[in-house]
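Listed below are the residues making up each chain.
There are 4 protein chains.
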Amino acid sequence: MAGTPSISKSWQARLQASGDAATAALVASLDVDVALWKYDIVGSIAHAQMLGERGILLKEEFAAIKAGLFAVADDLQAGRLAMPVELEDIHMVIEKALIERTGDAGKKLHTGRSRNDQVATDLRLWARDATDDLSDLIRALQGAFVALAAENAKLVVPAYTHLQRAQPILAAHALLAYVEMLQRDRDRLADARGRINVCPLGSGAVAGTSLPLARERTAELLGFADITRNSIDATSDRDFLAELLFTCSLLAVHLSRWAEDWILYSTTEFGMLELADAYCTSSSMMPQKKNADTLELIRAKSARAIADLVGMLTLLKGLPLAYNRDLQDDKRFAFATVDAMKQALAVAAGLVASTTFRSERIAADIDKGFLDATSLAEYLVSKNVPFPVH
Amino acid sequence: MAGTPSISKSWQARLQASGDAATAALVASLDVDVALWKYDIVGSIAHAQMLGERGILLKEEFAAIKAGLFAVADDLQAGRLAMPVELEDIHMVIEKALIERTGDAGKKLHTGRSRNDQVATDLRLWARDATDDLSDLIRALQGAFVALAAENAKLVVPAYTHLQRAQPILAAHALLAYVEMLQRDRDRLADARGRINVCPLGSGAVAGTSLPLARERTAELLGFADITRNSIDATSDRDFLAELLFTCSLLAVHLSRWAEDWILYSTTEFGMLELADAYCTSSSMMPQKKNADTLELIRAKSARAIADLVGMLTLLKGLPLAYNRDLQDDKRFAFATVDAMKQALAVAAGLVASTTFRSERIAADIDKGFLDATSLAEYLVSKNVPFPVH
Amino acid sequence: MAGTPSISKSWQARLQASGDAATAALVASLDVDVALWKYDIVGSIAHAQMLGERGILLKEEFAAIKAGLFAVADDLQAGRLAMPVELEDIHMVIEKALIERTGDAGKKLHTGRSRNDQVATDLRLWARDATDDLSDLIRALQGAFVALAAENAKLVVPAYTHLQRAQPILAAHALLAYVEMLQRDRDRLADARGRINVCPLGSGAVAGTSLPLARERTAELLGFADITRNSIDATSDRDFLAELLFTCSLLAVHLSRWAEDWILYSTTEFGMLELADAYCTSSSMMPQKKNADTLELIRAKSARAIADLVGMLTLLKGLPLAYNRDLQDDKRFAFATVDAMKQALAVAAGLVASTTFRSERIAADIDKGFLDATSLAEYLVSKNVPFPVH
Amino acid sequence: MAGTPSISKSWQARLQASGDAATAALVASLDVDVALWKYDIVGSIAHAQMLGERGILLKEEFAAIKAGLFAVADDLQAGRLAMPVELEDIHMVIEKALIERTGDAGKKLHTGRSRNDQVATDLRLWARDATDDLSDLIRALQGAFVALAAENAKLVVPAYTHLQRAQPILAAHALLAYVEMLQRDRDRLADARGRINVCPLGSGAVAGTSLPLARERTAELLGFADITRNSIDATSDRDFLAELLFTCSLLAVHLSRWAEDWILYSTTEFGMLELADAYCTSSSMMPQKKNADTLELIRAKSARAIADLVGMLTLLKGLPLAYNRDLQDDKRFAFATVDAMKQALAVAAGLVASTTFRSERIAADIDKGFLDATSLAEYLVSKNVPFPVH
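Protein chains in written order, with the numbering used here: chain C, 1 to 390; chain F, 1 to 390; chain Y, 1 to 390; chain S, 1 to 390.
Honestly, the hints are just simulated from the structure, not real lab data. Just to be clear, a hint being listed does not mean it is correct.
Note that the list lumps identical chains together, so a pair holds whenever it fits in one copy or between two copies.
[To be verified] Below, computed lysine to aspartate or glutamate pairings styled on EDC-like, alpha-carbon distance capped at 20 Å:
#, residue 1, residue 2
1, 290, 20
2, 290, 367
3, 154, 274
4, 342, 133
5, 342, 20
Quick caveat: nothing in here was measured; it's all calculated off a predicted structure.
Put together the whole structure using the sequences plus the hints.
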């Protein structure tokens, strides 16, 4: 058994008998998990380095593995590596390429590691980056709102409740409401990051390993703040993806609320905002129209995020301990939403930065609807007139 | 304006100014809607033919358009057509290629048609095929269950409630329970098909057209059973996709229930089923194991389907009349689930066909748990002993 | 065993030992399934009549049971029956009350029936009524829209796409778009009703019964069109509730789209609709406002329906055959949404009937935005000028 | 206006004209928000005290209000307060009762407060308690798992992956996996609590108030750690409820995974666990069975929680700023899930505490399936034999 590369024992071999293309497609996740390749290589190098430091690998074995993985990374970066569906996932693609380059050394990379803790580690590295990227993009969007508020420091607009004009407020007051929402999203991302940033390597397939690994060392090499404590939990835990998806869902809801507002404010009827042409489209059938398509597409991402959150939670519902293959589909939910949110945030920041208020029309309309009734009522209260208000 | 191809007036042109890659990606759906290309070409040919029959297009214009669309189809089939993201969607790709081949004739294809009714038509043609494909695949799976029941006509197995052994039953009785569930899925697909198979062409962007189209004729050419009655509704109606996704969700739930059963029956502890190797995998770390990975992946598709159903409904929630760009994302939900269900059904049929019952062990275990208590109780009842049962 | 009422063998007895209030609350569904009482009594009478006709019950036993059930019904109608949580569900409440009134005869009611097929029958009877009630309420709402369209037969309003003014249309055209959506809801309800209206009685707990029941007769007495064919499926099938919830979800989405439109049209800015005071509220803090609260609450019901649909599907996901206690929670999802939809529909019909268009303002605003550009473009087309349109 | 109690200007009055029972039911939330009464009274006392300290209320007015609210609380506690649906919500019930007891003083309670910031405050006080209660209940359940692990310190059981026996592990290892999951739930609750515990009082209906409130003082009196910063956001922010529901959803998923495991382990086939009778039920039709009903009902709560999370997010999707009446339904989602989770946790702790392992059968079965292949493989690796493992 020892000399046989694991890939020849895998699914792939069994499938040759059945020749079942549908099965091959069902079990493969390569179309999605290719996005993990950098994390897989980084994680493998750290694991091999620790094995080398512990004497489980020889120095020259580690050197060969490291060089081999760098070469594989170059090939992946350049798009030179074949990715037949039979290899199922990016981990198998990389392992096969490594063994082709390094022989027996490459075969030893999986010493003390299982696919289960390997995949969990890759996912956590990916998710950690995702929280950082999202947090930066949110910060940029917050900046755009703050800048727009500063540019319109004295502009008075109606505040709405029930979509009815309620009271006159500063435009900045409304714009900063979005900044508050987004700040909570960043805070939630930071909290989620803390639970993501824990290293499951060493958990094996389910019950750990009897080899004398140095788990803290691998974690340190990968920048993890801690190691997981229970191998059964660690190999099947996808809470961190669900939490990331929830955080994205609320973020998406915030963006959808803002998009809804600005779609309304851009109508002929409200007439409060002028969006830059680059974020709108028109129809040659109706050339007078200027449609806020990007805002509508951003609003739509709330459906994406909520859907993927539901998918992830439903996937986990009722799964027995520990790893079950159902978990393979976790990435389809997590990657789709994170990609969509990154896209939406990047567009949103540009859109906010290029939007102008139609100050003259706003000023002309501001008195419609007796907006200062509240102020009058409060004045009466200050004179100690009983005045219960709802 | 007349001589200007529409694509030069589009988003694409605006984007050149902004050079915003994120926006280009957000507004594009080409990665997904490329799957519609056949439907788009068929729909366009039927529309052009009707225009020709009504004298709105000249005979030679129709001939040029038809020939041009066939040439474009050949190129698409062969993968020869460039698909830059700037063209946004497959409709633009095809339109541009057609105009390059036919000039002014191609420009006239959109006479009396808007992107809104065109896309709605393509989606309905796609969804009609989806229901037919799914129905056929379900029928094949039903056949596999019936065949397995016939092969094990006399096998007695435990029936379970609450996962506790309840009464001895024929294995066929349990297998045919799945056939019943699947039959309801086929019935629902048939009902859904009736609501899908209605032609929205002629609805324009929202309010129809003043041109003398022959809507029934186009519908007839495309095999639609009827035409839609209200253009405002027709251009923004995606009920048929939601209904298809719901039908897939219940189908997926049925498959997940079956998968759960068979995963259990394949355990060492239950020991009732032997799955074919082609549908299982093992681990080199634990070579004695034979994991029912395909069943787990099939079970996981219920999360996919439910997620996409939620996505579609959430997308539609609260959208004002009529078309809003949010609807562009409808395909992401619909296509992912239909593809997943096709895959799951194809694998399921093969898996059922290759599974065997472990009759000897089943027989050896059948007396565990006093399974015939009910029969005894009912015997007492037949003797007129009062015996309330729950 | 024969003389012992089943209720003394139940959970209740076990709980006396544990005295665990939380457990009692968890296992009880009486707060919800009390709504089934009429269906439970009707179902029991039909079952007893069949048993009597088949000679499984003596004539006088059937008479006693029937009279007893009528007496229990009177008590339930009058609110005279105690409903301690220890009895868990309405079926136990009714059974206990019947046995108190009829003794041994009452104990025989459950001959050839299990709680599993009894509950499935009650649910189907309830769901059948729900489809009928909903269909009637939808029809009334359709009538209100048609009447409003007739009252405003010549009113021209803007059609919107992307919430931008697109083309002038008749108000009736827009109002009838909702009628189309609602008609599809009614069609779906009719299809769902066909799958609901099938009788599971005789399926026992899971594997039927050895008693010579006349299943078609019971079905006939209860107005069912058919009987279920597989007892394992029939006792655990909740597809019909999921389908009802989906139908309600799309209905709720339609109502939310309409509510969104009319909330917008009622703003100061759009100024197109005047809602009756009875459907609005104002704030004493801002007395000038007139908020469309009922429309907002109707819009909110889409969240209710989608949530309950997700709940039902998630409940079923991965459940093994056959009945599992998880199914007890099915009613919490189904009843909440059906009640909410009935409420929303009833309010909607009254609201539509009492709404007026603000014709003068609409007319004054109709020219804003060059709404007739399309007509001009189409005129050019009719002159054979190439004019591709999107 | 000053002397008129606000309730006479409300919906209630309008409804008298319409007599529309459906509308009354739609707009009312009293059936649900009655659970907020303690928080409403506490919040009002703090608000009144601050008003008194600032001189906005006279000392005797504050004294009258405080005494009146205590009296109302006594009546509510004793169930003496009538709650007609016309009063719509618990806030109106309490306000009316207060004014009846205190006249003009009571009418002044709402000085500087709107229903919008009042309700947001009540919800946050409720949610803060909910996180504390849930965290305590989780801790108790963790304790039960730890105690069971300690009782079975040397018991060896199979670890499963893909529901196939993988390796022998200590039972404690598996039990502590659940403790890890639950600890993450507690951590998430703690993070959520931080975002809940912020006081929105002073935000008014949307734009704050011109009265010289001391917002930090009210917050301090109510134990809030901070005040909200933007009134438009604060009056329509329900993120904290969505976050609480997500936290409950993951908790529910953890409980469902555990319940699934233990349902399996309690089967005749697995035979590893003996549940206490108090947590099981049997069927008189099949008296030999012992069904794990409570575990099934606990598993079912994951559907409840996920559904309510979806409901909350869907409710918020696309809502414009600021308060919209849709938000009234937030409580239906939040309360149902928190109640269900409390119930499930309480039952779970008792169930775990009363469960025993069937050690003899487990020991007899432990060798089935060659569980120590991994250990052998790892031994080979320690001899430096290349051995890639998955």
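List of violated hint numbers, smallest to largest: The structure breaks none of the hints.
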